[in-house]
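Take the given structure of chain G and dock chain E to it, following the hints.
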Amino acid sequence: MKERNVRQKLAALALGGLVLLNLPILGTVNKLVLVSGIPLLFWYLFGVWFLLLVLLFRLSRKEP
Amino acid sequence: MMNPWLVTGLSVLYIGVLFLLAWQSKRWKFFSRPEVRAWIYPLSMGVYCTAWTFYGSVGKASRDGLEFLAVFIGPTLTAPLWWIVLRKMIRISQVQRTSTIADFISSRYGKSVSVASIVTLMCFLGIIPYIALQLKAISESFNLITGGGLGSGKNDFFHNTALYVALFMAAFTILFGARKTENYEKHNGIVVAVAFESVIKLLAFLTAGIVLIYGIFGGLSPLFTSAMEFPEVRKNLVLPEQGGMGEWFWVSSLSALSIILLPRQFLLAVVENDEEQHVRNAMWVFPTYLFLINLFVLPLAIAGMLTFQAGTVDPDYFILQLPLHFNMPALAILVFIGGISAATSMIIVETMALSTMFTNHLLFPVLVGVESIKDRIAPHVSAIGLWSRRLAIIAVLALSYLYYLNLNKVYSLVSIGLISFVSVAQFGPALLGGIFWKKGTRAGALSGILTGFTFWIYTLMLPTIVSHYDWGKEWMDYGLFGQAWLRPNSLLGLEGFSPVAHGFFWSLLFNLLAYIVVSLNTDQDVLEKNQSEVFVDIFQYSAVYERTVVLKGKASLPDLEGLLSRFFGEERSRQVIRLFARKHQIEISDPGVPADHRIIAYTERLLAGVMGSASARMMVSSIVAEEEIRLDEVVQILKESQQILSTNRELVRKSSELKSALEELASANFRLKQHDHLKDDFLSTVTHELRTPITSIRAFTEILFDNPDIEMEDRQHYLGIVIKETERLSRLISQVLDLERYESGRQKLSLTRITPKELVQDAMEAMDQLYREKGVQIRLELDSETTELVCDQDKILQVLLNLLSNALKFVEKDLGWIVIRGKKTEDAYHWEVEDNGKGISKEYQELIFEKFFQAQNQLTRKPKGTGLGLAICRRILELHGGTISVSSQPGKGSLFSFVLPDWNGAKDSNYLENPTETK
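These protein sequences, in sequence, are chains G and E. This note's numbering puts the first residue of the first sequence at 1, with every later residue one more than the last. This note's numbering puts the first residue of the second sequence at 65, with every later residue one more than the last.
Source of the hints: derived by calculation from the structure; they are not laboratory data. All C-beta atoms in this analysis are idealised placements derived from N, C-alpha and C, irrespective of residue type, glycine included. Hints should not be assumed to be uniformly reliable.
[As the list claims (entries may be wrong)] No more than 25 angstroms apart at the CA atoms, straight line, and that leaves these computed lysine-lysine pairs for PhoX-like:
| no. | chain 1 | residue 1 | chain 2 | residue 2 |
| --- | --- | --- | --- | --- |
| 1 | E | K877 | G | K62 |
| 2 | G | K9 | E | K152 |
| 3 | E | K593 | E | K152 |
| 4 | E | K888 | E | K821 |
| 5 | E | K299 | G | K31 |
| 6 | E | K788 | E | K838 |
| 7 | E | K737 | E | K718 |
| 8 | E | K838 | E | K877 |
[As the list claims (entries may be wrong)] So these bits of chain E aren't anywhere near chain G, every CB distance computed over 10 angstroms:
| no. | residue |
| --- | --- |
| 9 | S316 |
| 10 | R344 |
| 11 | G673 |
| 12 | A732 |
| 13 | S748 |
| 14 | T790 |
| 15 | E822 |
| 16 | D858 |
| 17 | L865 |
| 18 | G931 |
Extracted from the complex, chain G is given alone in its bound form (with noise of 0.2 angstroms):
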């Protein structure tokens, strides 16, 4: 039962990577534009990337 949860949970984060690092999601944040000095795509990717360490950080403490 928690094992079927963990793993679903695993699944849509895959999936939504997939959906955040594709276009056209990437195609939005590919602009020209310095944020706080730092490219917005440059901000926007290892942004999400770092998001989905952490939550695939969390998943892989639980018991799968």
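Frame of chain G, contents of chain E only:
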């Protein structure tokens, strides 16, 4: 520029550390601690980041901006699925003892020699350029850092750095990667060394990024701000225009496949995994590793572009040129060592995987398959396997070196790497389909892989070779035979893709189509059927794998042991067989009788660890007299072994059910005993209560009987007592019967409507005489005289009488008073009977409603009643849905109050008709 001998010395020193680690790590306890092993596993997967990542990503970022990240985003996005996919592959590989990706795929498709050898060939074609690339990276970086290298140039055969690197790598891999015959055995030393290399290259890259960006360019923000001033630099801060074709998507999908399909990744992530739980750690550690190693790629590319004039410095080596330019020799050396670690770890692991594949899937099938050779090599098969692997290592490195010498300069580090990726991606459909789809057949897998391979050669491999030549250029530009739709870079007129995305799309599309279509139109043979079941449902079979074996052949035990002893020695072979037999409770009989089929299967599995599953299959079947087995028999055997599992599960479930039933039974028994106990108590109390009046009746009647001449006055007195006692007796009996009726639930109420006043008047009339005798005042306080109560008139009258007579008993003669109150509230009618008698002390206030409890009784032992009255009152009120309670102060009096719910407006009219049922 730095002294070449110093750089060489440091490099040799670094490789010396690797040798030491690989050689000695077994002795250091640190490396066998579970928490350390959980980190070594994901770090060793860092072999994914080769020299191409280390140097090439910066070059790619200076051409196409952030597009380089796709290669690392792909694996990150699939990392969450590793628990489902990778863990399954690990389990299969461990059960089947596969040691390479070729072995894994061929094992799934009926241990097919053709599948294994084709996969091996493809790996050779796809991977050798990739290894050459690493040699190129090392040699070029060496030339850069020393300003020319050891010799005059790369055509000077004996003075070329790449050659020495190749030689070192060959020695290392032979020493640590091809030490024993059984390659299924883990190569712990190599894994530790590779994990160490991963740490070094990450540290080198991060240090370079931080020192250069923060030390020289003042941080990320100033760097990017100055980048905005130059259009050719600025364009790298975004992804290049993709025209909706999605280079990003194709490259990230491609790398997501490669992360498990590259021979080196398969070796480290699947074969060398020693604990499935480590996958959980790897799921976040590996993507974090990729995150960190990519953090400074774009900033370094920008820094390089801002520092060097376009065209003067190869962007692929910005990370090495920058420290040299700013005169930081220590940092340059660190970067150089990082580059070496990236390149060497890839070379070592890839070479190891390729040499095993060559031996097991190309050499052994020939040796074992050809009748005339087989018998001659049989005694030496173990040594042949070992030497073949060693020679294959040398051959792989030699081929890579040759390829490097002729490497086309047009292709950058990254694109050659990606072309390799596309070649291994062709295993995707057959492998992933094989572990999730039972219908995939050998014919399907073969046609899928071959189709994809053909497309790969045509669209990606050929162009790297033919574009040297004029006829090749013509072919590239105008297509084969001048047919425009056959142009390798825009097949069927597909335009707008990069060569890699184009080749990947077509090859994988036709590969997948061929795999599915052919699989659906062909049948599996017996062994395939068995393997497909086991692969797809591995988590069900791994426990009972031995039972699922479909070989029905006959072989004698000495023959099997003889086969094994060629690889493991006589003593050890006998031991493993005995151990296996004992574990599975197989009786080892005398040599004449054929061995148990499970031992045959086990032998095959042990051999598979040495020579690959296909060759092992051939070996074993050569000494086994096989019987034909029908497909439906296979299905039957598989079904049975699954049934054993589900029976087991059912048994567990049943026993837990039984346990809970037992517990329930025990508690029911306990309750029953308690009730029984109460019943006994009740019975003994009742008998006791009955005996008291009977004793006195008997005593007085005996007196009367024995003394006929007794005085009239006395006689009257005695008879009066007898009558009173008899009355008490009959009252007691009728009350016990009453109580029994209430408790068993047989008592029904007959509800009528009555006003409180009528009720009280009835009660007063019955008691009037007694009150007058004792001189007790009685007062009525009813708030509403017209309210109608719905109740069982007789029963409520009984309650009132009981309370009134109780009160009468305990008030003093001539001084006592009693008040009866009636109060109507919204949903009930409250009665109170108050007196100024002796009261009841606190501890008895709840007990007096129990059966046979008489507060005074405890002290005086002179019963004034039956002790059942209040208990009956409570039952009556409970039956009406009401309550009864008492509050009292000893010496001052008591107040009994009871509540009758108002049923006049009861929504549920059923309750009125049949109230006992809802109770």
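So, going through the hints one by one against the coordinates:
At roughly 80 angstroms between alpha-carbon atoms, K877(E) and K62(G) are farther apart than 25 angstroms, so this suggested pair is violated. A hinted pair counts as satisfied when its Cα atoms are at most 25 angstroms apart, and K9(G) with K152(E) qualifies at roughly 18 angstroms. For the given pair, K593(E) sits about 19 angstroms from K152(E) by alpha-carbon distance, which is consistent with the 25 angstroms threshold. At most 25 angstroms may separate the alpha-carbon atoms for a hinted pair to count; K888(E) and K821(E) meet this at roughly 13 angstroms.
About 10 angstroms separates the Cα atoms of K299(E) and K31(G), which keeps this hinted pair within 25 angstroms; it holds. For the hint pairing K788(E) with K838(E), the CA-to-CA distance comes to about 18 angstroms; that is within 25 angstroms, so the pair holds. Distance hint between K737(E) and K718(E) is unfulfilled; the C-alpha atoms sit about 28 angstroms from each other, more than 25 angstroms. Between the alpha carbons of K838(E) and K877(E) the distance comes to roughly 5 angstroms, so the proposed pair stays at or under 25 angstroms and holds.
Not every CB of chain G is more than 10 angstroms from the CB of S316(E) (nearest about 7 angstroms), against its label as outside the interface. With a closest Cβ-Cβ approach of about 5 angstroms to chain G, R344(E) is found to fall inside the 10 angstroms limit, against its non-interface label. Distance to chain G confirms G673(E) as a non-interface residue, since its nearest Cβ pair spans about 29 angstroms, more than 10 angstroms. Here A732(E) stays apart from chain G, with its beta-carbon at least about 30 angstroms from theirs, past the 10 angstroms limit.
Here S748(E) stays apart from chain G, with its beta-carbon at least about 54 angstroms from theirs, past the 10 angstroms limit. Consistency note on T790(E): stated as away from chain G, and its beta-carbon is indeed over 10 angstroms from all of that chain's, at 71 angstroms minimum. Listed as outside the interface, E822(E) is consistent with that label: its C-beta sits roughly 64 angstroms from the nearest C-beta of chain G, beyond the 10 angstroms cut-off. The Cβ of D858(E) sits about 59 angstroms from the closest Cβ of chain G, beyond the 10 angstroms cut-off, so the non-interface label holds.
At roughly 62 angstroms, the least C-beta separation between L865(E) and chain G is larger than 10 angstroms, which holds for a residue marked as non-interface. For G931(E), the requirement that its beta carbon stay farther than 10 angstroms from each beta carbon of chain G is met, with the minimum near 56 angstroms.
Checked against the numbered hints above, the structure violates hints 1, 7, 9, 10; every other hint is satisfied.
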